[in-house]
Amino acid sequence: MDFLYNRRLAAGIMAALIAVSIIIGGYRALSGFAGTVEGVFDESIEPKKLSRKFSGFGGDALASKYEALYPDDERDILYYVGASKDAGGKLLSLARVHLGSTDSDVLRLEAAVATAGTAVSPSEAAKAMNDLKSSAKSVAAKIEAAGVGGDDASNAKYYAKDIESYAAKIDHKAVVYNEIAEVYNKKIRGAFPVKIIASLVGVPAAEYYK
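Counting in the numbering used here, the sequence shown runs from 496 upward without gaps.
Keep in mind the hints are simulated off the structure, nothing from the lab. C-beta: ideal position from N, C-alpha, C; glycine also. Any given hint could be a false lead.
Said to hold, decoys possible - Taking lysine to aspartate or glutamate pairs in the EDC-like style, the calculated list, with each CA pair at most 16 Å apart, reads:
1) Lys622 to Asp647
2) Lys585 to Asp666
3) Lys585 to Asp657
4) Lys682 to Glu702
5) Lys632 to Glu674
6) Lys705 to Glu674
7) Lys656 to Glu674
8) Lys632 to Asp598
Unchecked claim - Across the chosen pairs, the derived CB separations fall in these ranges:
9) Gly584 to Ala663: 34 to 44 Å
10) Lys705 to Gly595: 13 to 23 Å
11) Ser660 to Lys705: 13 to 23 Å
With the hints as extra help, turn the sequences into a complete structure.
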């Protein structure tokens, strides 16, 4: 009886150790993949590192597609949000001089610049860029309509166009970011054991840029 009990106990311990090992290994793999998804949005990633991170998750094609967006430009999405915020701040300074601090479009631009400065997630960044692009366009048009001339007039147009240019780069890169996020989200919602591991250890779904 003791022999049978000990064998059952040993088998139970072994099964528990295997289960724990699977959970830890799965958590590490999912955490690495989650870090890669986040990195596409908020930090530069070496192409080779990105390819390695995607290996085993059916994401190699997406890694190549993402890398193709960065042949000469390894700046991430959040970098361009920051650049847009800086251009918006310069436009805001001009707008306050020529349109006044209480103008409705100037106030809208001020709020958009502040939002862009605090955006840390894809959804926050998307909202900030939409607001910034729209308000910058309105303010630049108002400055032109007010008959402002010289460098201020040219700079107002320049800053607004800069924001549009940054927004276009973000939109281009966000298409692939969203595809990568979708691969990740499908993986953590998928079949056993990944779905169970993700649920047990609290691995969050990736946000989309929209």
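Evaluated hints:
no.: 1; hint: Lys622 to Asp647; in the structure: violated (28 Å)
no.: 2; hint: Lys585 to Asp666; in the structure: violated (23 Å)
no.: 3; hint: Lys585 to Asp657; in the structure: holds (11 Å)
no.: 4; hint: Lys682 to Glu702; in the structure: holds (14 Å)
no.: 5; hint: Lys632 to Glu674; in the structure: violated (30 Å)
no.: 6; hint: Lys705 to Glu674; in the structure: holds (12 Å)
no.: 7; hint: Lys656 to Glu674; in the structure: violated (28 Å)
no.: 8; hint: Lys632 to Asp598; in the structure: holds (14 Å)
no.: 9; hint: Gly584 to Ala663: 34 to 44 Å; in the structure: violated (20 Å)
no.: 10; hint: Lys705 to Gly595: 13 to 23 Å; in the structure: violated (34 Å)
no.: 11; hint: Ser660 to Lys705: 13 to 23 Å; in the structure: holds (20 Å)
Violation of the numbered hints given earlier is confined to hints 1, 2, 5, 7, 9 and 10; the remaining hints are satisfied by the structure.
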